[in-house]
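Asker: Here are the chains, one letter per residue:
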Amino acid sequence: DERAWRSIIDLYARRIYALAKSRLGASRHDLAEEITQSVFVTVASKLGKQNAEGVLGYTEQGRFESWLFRVAMNRIRDEARRAKRHAETMDPETMAASMQAPPGPDPDTDLPENLRSLRNAMGQLSDTDREIVELRHHAGLSFKQMAELLSEPIGTLLARHHRALKKLKEIMSGPIEPSSQGVAI
Amino acid sequence: MNASHSNYSNDPGRSIPLPSAMPPELVETSRLMDALGECDRASAPAGLESRLLISLSGVLPISSSRAADDVKEATRQMEALGQTDRAGASATLEDRIFMATRGVLVSSAVKINVQTQVGQRPAASMSFFMRAAAGLLLGGGVIWGYLALKPAQSTLNPWQDPQLAVAKLEKEIDGHMDQLGDVFSLVMIGAVTEPLTLSTEEPIESSDPWFQYDFLEAGDSI
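Each protein sequence line maps, in turn, to chains A and B. This note's numbering applies: residue 2 is where the first sequence begins, and numbers increase by one. This note's numbering applies: residue 284 is where the second sequence begins, and numbers increase by one.
Derived by calculation from the structure, the hints in this document are not laboratory data. The model shown is predicted, which means the values in this text are computed figures rather than measured ones.
A few chain A residues facing chain B, derived, Cβ under 8 Å: (1) R7; (2) Y18; (3) L116; (4) K170.
Quick reminder that beta carbons are idealized off the backbone N, C-alpha and C, glycines included.
My request is simple: use the sequences and hints to build the entire structure.
Answerer: Shown next, in the form of structure tokens:
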């Protein structure tokens with residue numbers, strides 16, 4: 002049913018887009034859209050396959066969102082690793098040239114100052130803390146869904162989330178440090 | 284910017300409930316994170332959902348798909364342009380490309396698989412028939428030599444017991460035929476390079492005499 006599929010896209014596309022954009026950099030909106038499309042292509046492809054019981058399509062078992070965002074997280078992590086390898090293998094001359102190039106326009110120009118500070122602070126979080134925060138606030142997952150997605154106890158995720166928020170608050174309260182808005186591996 | 288709880292769906296009535304155990308000093312930070320997430324979701328380009336639906340129309344397990352009206356005309360024009368470009372290629376394009384690249388094939392000792400169009404039954408390779416003929420000649424020659432050099436073992440006098448002589452002779456002939464069949468089978472196993480069945484691939488050895496003859500002689504005239 003095409004209308005049902007459209008409903009799924011309307012419900013999840015922007016959440017996945019926001020997740021990819023936050024993880025890969027606010028300026029990488031084209032890449033975020035590519036990843037979003039890649040995720041839905043994967044989901045659509047798997048819907049057309051038979052499962053182990055020979056049933057065509059997807060059999061709802063109450064974990065569709067976890068599965069969908071697991072696909073999204075794998076895509077985003079793959080892209081982040083690829084970008085990091087590309088940066089590591091770049092020769093020094095090219096690296097120096099790219100660093101001397103004038104910086105592009107700030108993608109967060111329209112954001113209020115407090116949210117821009119928050120974005121900068123997120124760049125100083127560890128990967129695991131940042132992932133928890135983005136899954137919670139960008140993707141809008143519940144802790145139960147995150148526990149299924151990350152295969153971790155809810156209590157662990159709660160503690161990690163609280164720790165991340167506390168660190169963000171400390172960073173925003175302290176002196177502003179230059180941080181990367183891009184990939185954090 | 285209103286830092287209240289943001290929505291993570293298009294339904295404005297839904298919001299993300301905070302865990303009851305969240306310390307009060309972190310509530311404000313959590314609200315800011317909600318706001319940032321809402322901004323990032325809202326920053327998705329316009330038409331994202333429509334583009335996703337169009338791009339997935341060929342992948343979805345549904346019987347029909349409707350492209351947006353605004354891209355139907357552009358799609359039709361692109362298809363027409365593609366057909367025009369393909370038809371506009373030179374008539375001798377394939378021949379010129381082959382001439383430019385066959386030198387690489389001939390000089391290479393690597394087996395090359397040539398993709399034929401699906402549905403077309405490839406002609407049996409001349410090399411196969413040559414090998415089969417060579418196998419028959421070899422097998423026949425071996426059998427002839429064996430029979431010629433083999434001393435006569437039968438001591439039966441056919442005039443004294445004709446039926447017994449015939450039976451023994453038939454048994455000897457069967458044995459020779461079995462030996463010929465074994466030799467033939469060994470030769471055929473080594474000779475077959477591809478099955479004579481409907482196949483889409485036809486291996487061609489670049490060092491194959493037929494291959495060289497067919498094109499080396501006629502190459503200058505193309």
